[in-house]
Structures are given as C-alpha cells and as structure tokens.
Amino acid sequence: MLYIHRFSIFDYHTASNNNIKLYEMQQSLNQDVKTLLETNNTHLWTWEDYPSPREATYWKCGVSKPTYVCDPDKLLTDEQRQEIVDLVEDFKKKTKRPNSKYLCMREGVRLVVALAKVKVGPGDGSSGLTYLCRNDRNWTSTYDPTKCDSELHGIELNTDGFRSCYWIGLSMVLTKSEFETLEQSELPLLIKQNYFAALKNYIESLRMLYIHRLSIFDNQDASNEVITQSEMHRFLQDTKKSLSEIKPFYNKLLGIISIIFCLIIGLALLFLICQIRQFKNYLNQRNASNQLMTPLQTVEIVEKRRENEENEEATKPLLNL
Numbered sequence: 001m002l003y004i005h006r007f008s009i010f011d012y013h014t015a016s017n018n019n020i021k022l023y024e025m026q027q028s029l030n031q032d033v034k035t036l037l038e039t040n041n042t043h044l045w046t047w048e049d050y051p052s053p054r055e056a057t058y059w060k061c062g063v064s065k066p067t068y069v070c071d072p073d074k075l076l077t078d079e080q081r082q083e084i085v086d087l088v089e090d091f092k093k094k095t096k097r098p099n100s101k102y103l104c105m106r107e108g109v110r111l112v113v114a115l116a117k118v119k120v121g122p123g124d125g126s127s128g129l130t131y132l133c134r135n136d137r138n139w140t141s142t143y144d145p146t147k148c149d150s151e152l153h154g155i156e157l158n159t160d161g162f163r164s165c166y167w168i169g170l171s172m173v174l175t176k177s178e179f180e181t182l183e184q185s186e187l188p189l190l191i192k193q194n195y196f197a198a199l200k201n202y203i204e205s206l207r208m209l210y211i212h213r214l215s216i217f218d219n220q221d222a223s224n225e226v227i228t229q230s231e232m233h234r235f236l237q238d239t240k241k242s243l244s245e246i247k248p249f250y251n252k253l254l255g256i257i258s259i260i261f262c263l264i265i266g267l268a269l270l271f272l273i274c275q276i277r278q279f280k281n282y283l284n285q286r287n288a289s290n291q292l293m294t295p296l297q298t299v300e301i302v303e304k305r306r307e308n309e310e311n312e313e314a315t316k317p318l319l320n321l
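Its first residue numbered 1, the sequence shown is counted upward by one per residue in full-length UniProt numbering.
It should be emphasised that the hints constitute simulated quantities derived from the structure, not laboratory data.
Among the hints, erroneous ones may be present.
Think about it this way: if two alpha-carbon atoms lie no more than 25 Å apart in a straight line, the pair counts; the simulated PhoX-like pairs of lysine-lysine are [as the list claims (entries may be wrong)]: (1) 200 <-> 92; (2) 176 <-> 74; (3) 147 <-> 93; (4) 96 <-> 200; (5) 92 <-> 176.
The structure displayed is predicted, hence computed values, not measured ones.
Throw the hints in and build the complete structure from the sequences for me.
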C-alpha cells in the first residue's frame, strides 16, 4: 500500500522547561546572526532564486555534479561539502528496508540539504519550518504523491540553526521529541560556527532514527529468511577461511606422502631387479651344469658299446661250435 497522506514538520523550536539553557543559547545565537546581517551585505535568498543542485546550474551550489546538496553561501569548504554530499547520497541506500511491508519503505528516504547564511524566504524561520520540500526548484524527479520518488526529508541549515520539512508517508514520520533532540544536541557546535560538524552529526543521527522507525514495518518472515541466508553465507565464508588456513599444511602433507610413495616404488623396483638378476644367475648356472654333464654321458655310452662288442666277440666261438 502506498501512503499518499503528507504532513509538514511542526514547530519544535519552543524550549521545554528542562531545556531553558539551550533556549537561551539559541536566542543569543539568533541575536548574533541579526547583528552580523546588519553589518555585512548578505544575500537574502528566496525559493524563486535559490539554486537547485539538480538543474543545469548545479555549479552555483558549490558542487561538481548534480546532487542533493546546495551551499551557495559557502558555509562549508569544498572538502567538507563533498563529505556531506557523500553522506546525503548514501542516506537513501542506508535507509532502505527491502523486507518492508510497504513499497516506499523498501526504497528508503531521499534526503535533500540546503545551506544558506540566512533562512531562505519567505518567512523569518521562527516556526522552524522550511519550504525546501515543496518549491519550484526541482529537487526531486517528481512531485506526484502516488510515486515513491516524490518522498523526501529536507534539512535547511542556516547560521542560526536547523529547519526541516518532510513529504513522506504517515507511518514514516518521526516524533516531535526526536526532532527537538536532534536540533538541541547540535546547538553548541552552531554557536561555535562549526557548521560542518553540526550538519554531519545531524544527518547521521537522523539516519539512525529513520532506520529504527522503518524497521518496525519489516516483514519478519522475509527477515528470518534473510538472516538464514546471511548465516549460510557466513558459514561458507568461515569454511573457505578454514580451508585456506589448512591449505599450507595440506600441501606439506601431500609432499611428504609423495616422497614416501616414491620411496616405496623405488624399493619395489630395486627388489624386482634383484630377483630378476638372481633368476638369471640361476639359469646361467643350470646351463653351465648341463654343458658339463653332456661329455660324461657320451663316454659312458662309448664304454657300454665297447663292452657289448667284446661280449659279442666272446660269444662268437661258442656260436660256431
């Protein structure tokens, strides 16, 4: 279901009883800013001439390419501004809830940031509101309330404090106390004119609040499935790591086994060669014995023939008688 109800941020600049000191600090800061404006020729922006970082004149915002941060008054250095640009670009990705029950929560919250020494008109900004979320400066791809691309949270930082707006679904809206805490926690840095640290802390704290808020609407079944997949991935990574750790030992063991196998084969071949040589020696000895016995057998035959002839000669006279 897509939420099409939209709300503007309430006035959260009124200090509570337990925040009197912070309120006094803020009033002092406002007075210092007014004095500064009276003594310096500061340009007063309106939403009709305030540059958009999404248009062709994005360079007027002090950025090198189309983005969602504009700082025409150069409250930040180029390096600081680039770090804020990275934080803002990363905001939507970090607040995505892919397992959310609602479409727009799956896509995350788009953050836009406008910086100016004095609140961008109309109005003096005493209400804590900014028209950043709804103006003609083309900060989002569409203002169609039925599309998630129209949803955004806006931060306007001036020398006297923060102002906010949002154009999001009802379920995504943060509480008044959360906004008050965000602003008041950065007042000491603003008084010291440390705008970069104050804005960076504000964005990081706002991101954590949205992550916590949107996580309430996660689909638990899908989340459990993701957890199971992550556990399986972790198991595979651990297994891979274990295998990589035992690989050197395995290679050494394989080398030892190969050496032992080669020794066994070598011994077997040596034994076989010895057996073959012994068998050859046996055959050679047998052949030599046969050659020696053959002449002896011939002499015996000759002797027998001679005896037979003598016997025949002796028997002839007897036969004549």
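For each hint, the structure was consulted:
Only pairs whose Cα atoms come within 25 Å are accepted, and residue 200 paired with residue 92 is accepted, the gap being roughly 15 Å. Proximity of residue 176 to residue 74 is assessed by CA-CA distance (about 30 Å); at most 25 Å being required, the pair is judged violated. Simply put, residue 147 and residue 93 have alpha-carbon atoms about 18 Å apart, close enough for the 25 Å limit, and the pair holds. The straight-line distance between the Cα atoms of residue 96 and residue 200 is roughly 20 Å, inside the 25 Å bound, and the hint therefore holds.
Between residue 92 and residue 176, the direct Cα distance comes to roughly 22 Å. Compliance with the 25 Å bound is thereby established for this hinted pair.
In this structure, the one hint that does not hold is number 2.
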